Amino acid sequence: MDRVPFGVSRLDDIIDGGAPPGSVVLLAGEAGAGAREFCYTAATINGLAHTDPDQFELHYGEVSERAAVPEGIHYVSFTASGDELRREIEFTMSERLVRAGVEAVEFADFSQEYFQLSAIPREWYTRKTQTITDLGQGSDRRGVLEALGEYLNENATGNLVVVDSLTDLARAPNEHLDWSDITLLVKGLQKASRAWDGLILVLVNQDALTDTQMGSLMGAADGTIAFEWETGGNERDRVMFVREFRGVLSRLEAEDIIRFETEIHDGGFDVSNVRKIR
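Per this note's numbering, the sequence shown starts with residue -16, numbered consecutively.
It should be emphasised that the hints constitute simulated quantities derived from the structure, not laboratory data. Please read all numbers here as calculations on a predicted model, not as lab measurements. For every residue, glycine included, the Cβ atom is placed at its ideal position computed from N, Cα and C. Among the clues, some could well be false.
What follows is a list of derived Cβ distance ranges for each label pair [claimed, not checked]: (1) Gly202 - Arg105: 23 to 29 Å; (2) Gly202 - Leu128: 19 to 25 Å; (3) Arg177 - Gly215: 39 to 45 Å; (4) Gln95 - Asp(-15): 22 to 28 Å; (5) Leu167 - Glu213: 30 to 36 Å.
List of simulated lysine to any residue pairs, SDA-like, C-alpha gap at most 20 Å [as the list claims (entries may be wrong)]: (6) Lys174 - Gly202; (7) Lys170 - Glu244; (8) Lys259 - His248.
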């Protein structure tokens, strides 16, 4: 295997089956432009390959001879539970498709580590009130970065991992992280991912970044896929383009491909048209 499918069939077809194993890919999007829906689709469709091959073939097609569906699919969130994410995915995709696909997805919720030192009431993110025992265990709390690192060490090898999102992590209460720390984290993920040999998708809100911050993150990752709104006349269209990608960008340049027009429907995120350089 030398490709891991993204789960977006037309994109995977164009890039010879998917991403090179061991890749860390930033999904940087403007609000509502499709980056989050790309994450939902990647997790659901890859999960569908394990739980319902017939539906997978109907919605995705055949996996490239160069590619293999990841053994496991993991969706990491710092602020949302698995139940919340399932509901969000059902708002994006067909309920029947989602119910089958997410059976194979393991959701990791780090809300407790994320909010524990904030002023947010504990029952809002744990659904239970704090006890005297909990207060006594306060000094033993692990941080959100520690929790993320432990989870990835245990689950990233050979698998697809979606991290939602880098923007939330940069704003983690009392973690005292700035963008240099976030860049270093992505660089560390890139180094570790070579041994894990899977695919890590990292969501980030492009609206929250300066050009300098975006540039530093792009330099730390293996690839960056940007999702933007394009305005023409009275309409707005979603577009996606590959800004950098080790082992993939050269193929796109050879095919004179510059941008992908995209859409979101019951089958999730999809490429509707491919534009070539003229």
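Worksheet item: What hints, given by number in increasing order, does this structure fail?
Response: Failing hints, ascending: 1, 4, 7, 8.
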